[in-house]
Amino acid sequence: MTIRVDPEENESRALFLLAGIRGQEILEVGCGDGRLTWRIARQAARVLAIDPFEPSILRARSQLPQDLEPTVEFRHAPFKDFAATCPRSSFDTLILSWSLC
Amino acid sequence: MVHALAESRRLLKPGGLLVDIHPLPDPPVLAVDREGRRAFSEASPSQGAEAYRQADQAIDEAVQRRQFAQEQTTIFDFLTHAPSAAALDEYLTMISAFDQEPGDPGAERLWAELLARADEAAGASNPAVDVILLEKARMTSLRPLP
Numbered sequence: 000m001t002i003r004v005d006p007e008e009n010e011s012r013a014l015f016l017l018a019g020i021r022g023q024e025i026l027e028v029g030c031g032d033g034r035l036t037w038r039i040a041r042q043a044a045r046v047l048a049i050d051p052f053e054p055s056i057l058r059a060r061s062q063l064p065q066d067l068e069p070t071v072e073f074r075h076a077p078f079k080d081f082a083a084t085c086p087r088s089s090f091d092t093l094i095l096s097w098s099l100c
Numbered sequence: 000m001v002h003a004l005a006e007s008r009r010l011l012k013p014g015g016l017l018v019d020i021h022p023l024p025d026p027p028v029l030a031v032d033r034e035g036r037r038a039f040s041e042a043s044p045s046q047g048a049e050a051y052r053q054a055d056q057a058i059d060e061a062v063q064r065r066q067f068a069q070e071q072t073t074i075f076d077f078l079t080h081a082p083s084a085a086a087l088d089e090y091l092t093m094i095s096a097f098d099q100e101p102g103d104p105g106a107e108r109l110w111a112e113l114l115a116r117a118d119e120a121a122g123a124s125n126p127a128v129d130v131i132l133l134e135k136a137r138m139t140s141l142r143p144l145p
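Line by line, the protein sequences give chains A and B.
For the first sequence, the residue numbers in numbering that gives the first Met the number 0 are 0 to 100.
For the second sequence, the residue numbers in numbering that gives the first Met the number 0 are 0 to 145.
One chain only, chain A, in its complex shape (with noise of 0.2 angstroms):
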């Protein structure tokens, strides 16, 4: 099963156009299988994306690039679980990525 999802890489460049994430810190919640995680952290310091669905976080982390290794981590955690022992102000730039509906 061949899936491209956003191909065309319009949900990236409407990002980049609407937020400067270059060298900045960025937690992405609800990563899925990391479709736009890889597309941030070639511009970011460091991303951390989370997402509820422990297959999607297990796929991510296989699929992962080995040169954004040092610059990406999925952890498999409900924003609520995640947010509740995060220290505040950890990110420059959080992203609700389809995870507010």
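It is worth saying that the hints were derived from the structure and are not from the lab.
The beta carbon of each residue, even a glycine, is placed where N, CA and C say it ideally should be.
Hints are not guaranteed to be accurate.
Partial selection, computed: residues in chain B whose CB lies under 8 angstroms from chain A [as the list claims (entries may be wrong)]: (1) His-2; (2) Glu-6; (3) Leu-11; (4) Ala-38; (5) Ser-40; (6) Ala-81; (7) Ala-86; (8) Thr-92; (9) Met-138.
Residues from chain B that face chain A, not an exhaustive set, calculated with beta carbons under 7 angstroms [what the hints assert, rightly or not]: (10) Arg-9; (11) Leu-10; (12) Leu-17; (13) Trp-110; (14) Ser-140; (15) Leu-144.
Assemble the complex: chain A is given as a structure, and chain B must be docked to it using the hints.
The following block gives chain B in isolation, referenced to the frame of chain A:
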């Protein structure tokens, strides 16, 4: 949703930025391109419209309560491409496995009928077929207010 926005505000550094991305309530379009030409295009039943409206409302409320200032918003096309209607359906089922809301049986029946029509338009074993789900999504940047 209100809780998620409040937590987002707490986790951001002073001067940080919140970016929300979610689909518009408009129904997505299922299309089939065959040998580079559009062979099929129909609106699909939308199952998440109410949740998307609630997300818009939560953002509006956070702005009205002066928790955030809305900076910019943009709408973009979000396309998922598959080699067949069945492959697209399988993928969508997989990524929605965590959804806690039960599916609407009426919408699921209409979706199955739509997939069958798309499959028919695609033709059998055609390697030059692109089955596309086109969703419109909104991206909004919000700056936390002190």
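So, going through the hints one by one against the coordinates:
no. : hint    : verdict
1   : His-2   : holds, 7 angstroms
2   : Glu-6   : holds, 4 angstroms
3   : Leu-11  : holds, 6 angstroms
4   : Ala-38  : violated, 19 angstroms
5   : Ser-40  : violated, 17 angstroms
6   : Ala-81  : holds, 5 angstroms
7   : Ala-86  : holds, 5 angstroms
8   : Thr-92  : violated, 12 angstroms
9   : Met-138 : holds, 5 angstroms
10  : Arg-9   : holds, 5 angstroms
11  : Leu-10  : holds, 5 angstroms
12  : Leu-17  : holds, 5 angstroms
13  : Trp-110 : violated, 17 angstroms
14  : Ser-140 : holds, 5 angstroms
15  : Leu-144 : violated, 15 angstroms
Violated hints, listed in ascending order, are 4, 5, 8, 13, 15; each of the other numbered hints is respected by the structure.
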